Amino acid sequence: MAFGPFLLLALMEGLVTAAVLALAAAGLSLVFGVMRVVNVAHGEFYMLGALLAWAVTTMIPGPPALAFLAAVIIAPLLVAALAAAADGLVLKRLDYDPEATIVATIGLLYILQQAALSLYGPNANPVTAPFEWRIQLPWFGYSGYKLFVVLAAGLVLLALWLLMTRTRAGLVMRATQVDRMTAQAFGINVDRVYMGTFALGAGLAALAGVLVVPIAQAHYLMGHDPLLLSFIVVIIGGLGSLRGTLIAALVIGLSDGVISMFFTPTLAKILATLLVAMVLIFRPQGLFGAKA
Amino acid sequence: MKVWTLHLALLAVLFTAQFWLSPYHATNLARIMVLAVFAMGYNLAFGYTGLLSLGHALLLAAGMYAAGLPAQLCGWSAGPAFIAGIAGGGLAAAALGLLALRTAGVSFMIVTLMFAQAGFLTLLYFAPITGGDDGFAVAAASRTLFGFDLSTDSPRFLAALAIFATGLLASLALVRSPFGRTMVAMRENEERSRMLGYNTFTVKLAALTISGLYAGAAGAAYAILFGYVGASFATIQYSILPMLYVLMGGAGTTLGPFLGALLMFVLIEAATGVTTAHQFIVGAALVALILFAPKGLLGTVRDRWVRWLP
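If you read the sequences in order, they're chains A and B. Going letter by letter, the first sequence gives residues 1 to 292 in the working numbering. Going letter by letter, the second sequence gives residues 1 to 310 in the working numbering.
Isolated chain A, as found in the complex (with noise of 0.2 Å):
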């Protein structure tokens, strides 16, 4: 294969690296922006997602289709669900504390995959992709599965962006993020604002990881990379910024597929923490966000 067709391959995978890592971390940049909670336990509501879709199409007979279809509107509603009783179970009384909620999500981390292993067991497991079907380019192949993932993560990242600059309850949202105590005080229920933030955040990673897992496997260890290039999005994107998030998503994501592809995954990992920390450190704003 030359030299072009191959750059064009690491892209598309890039792009679908791009489109699952934008909905994740999109949820991580939500949490963060209106609750100031940074969220450990994210990737592990991603890898809950991937694990529910599993067991739906495993339990649903019929076709992979709809079966798979009901993992996508199950697995994100009972990630939420657990999330809200998680937030109000813990969170909220820990008053929302920054540095203390981090510690908390820490310990919700090692439960939520203690609990994935003892339930769901070490395997990796595969999901049949809804539909069988590859564009036939004129140098390779390639599956129209991960196109439709780039294109429902970006149908549903619009829809979040019109949820929240269109509908009350963004404007709720975004009012809770400017100023909680004002919010408060023109009668807005922050508690049931922060506990819904919180559902939608994970609600969107475990969307993530069902949209994945006909692409790579459902394991009880995969939310570990998500979480980590998710937290390197939302910071470079700035803290709480969508459209930043957005951006940093498919610079992270591209440039992840063509550095892996030509290079070492490892270097191109060690490249993108030290970036984040530097950015953190010397832009605290983040490379794309207003200042903060």
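FYI, nobody ran anything at the bench for these hints, they're computed from the structure. Keep in mind that this is a model prediction, so the values were computed, not measured. Hints should not be assumed to be uniformly reliable.
To be verified - Pulled a few chain B residues facing chain A out of the computed Cβ check, cut under 10 Å:
(1) Ala-95
(2) Leu-99
(3) Thr-103
(4) Gln-117
Said to hold, decoys possible - Here are a few chain B residues that sit away from chain A, every Cβ distance over 10 Å (derived from the structure):
(5) Gly-79
(6) Gly-147
(7) Arg-176
(8) Met-186
(9) Leu-247
For glycine and all other residues, C-beta sits at the position ideal for the given N, C-alpha and C.
Starting from the known structure of chain A, arrange chain B on it as the hints suggest.
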């Protein structure tokens, strides 16, 4: 006076432990003491100075590799390797602090986490030298000190106790010194300390470096006493463990880190008979502590009953 008596009494009890504990438990206790040294270092940064770091695994691994690599590649003996390990931990902490201490709070946590992750990945990247995830065993020749074979039970226990005792008494002296008070001032109110004329950056940098010396000593001691060096000690898990020990025993108490390490070890050991879900215990302990007892055991004891506890 009371304070020193209490600490010396604990050390005396630990010294006699080698006679009434089985060799298996004595080895475990040696391991706990080494991990407690790591946790004491973490406590100096987190408990006293208020620096909540998520990157101490980097410092532990720096000490471990600074001791293990010269021993492996150049055949250094235990003494010089141990000193190299302490220096490695201190240097890594100073470098980390120079960059990371420009941030505070949540940013500091994420920056330290990212540097530790980069350090772990670097160890994997240079796997031909570092052994990567598999690590390497430290040669027996590098595990002798003054003719004593540190890989045998009794010398190993005594060496671990000596390091633990030095660390404990040094931390007690430190936190009761004027500098120790300054560290606490950073934790309680950094703005006010700055207004009083303290250079908060250098105080925090010094505290983090001392913390790194402890972590380096623990890493080097682990490499020499237990004969294994590996990248797994640089994972995020080893940044969480000292935090867990300190939170459990009591942040900002001199004996808390040891108590936390001991209790956590016993808890996991006891649970092993019932379930294999170690991580669940770690996670549940973290959540329970931060929710119900953020001051830890000795912190609560100090608040309620024993006011003089350091």
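Status of the hints after comparison with the structure:
A distance limit of 10 Å between C-beta atoms decides the matter here; for Ala-95 of chain B the minimum to chain A is near 12 Å, and the interface restraint is violated. For Leu-99 of chain B, the interface hint holds, since its Cβ comes within 10 Å of a Cβ in chain A; the closest pair sits about 6 Å apart. Among the interface hints, the one on Thr-103 of chain B holds; its C-beta lies about 6 Å from the nearest C-beta in chain A, closer than the 10 Å criterion. Given hint, Gln-117 of chain B at the interface with chain A, holds; its Cβ is 5 Å from that chain's nearest Cβ, closer than 10 Å.
Non-interface call for Gly-79 of chain B relative to chain A: holds, since the shortest CB-CB distance, roughly 33 Å, exceeds 10 Å. Residue placement check: Gly-147 of chain B keeps its beta carbon more than 10 Å from all beta carbons of chain A (closest about 42 Å). Even its closest Cβ contact with chain A, about 26 Å, leaves Arg-176 of chain B beyond 10 Å, as expected for a residue assigned away from the interface. Every beta carbon of chain A lies more than 10 Å from that of Met-186 of chain B, the smallest distance being close to 15 Å; the non-interface claim holds.
Not every Cβ of chain A is farther than 10 Å from the Cβ of Leu-247 of chain B; the closest lies at roughly 7 Å, contradicting the non-interface assignment.
Checked against the numbered hints given earlier, the structure breaks hints 1 and 9 and satisfies all the rest.
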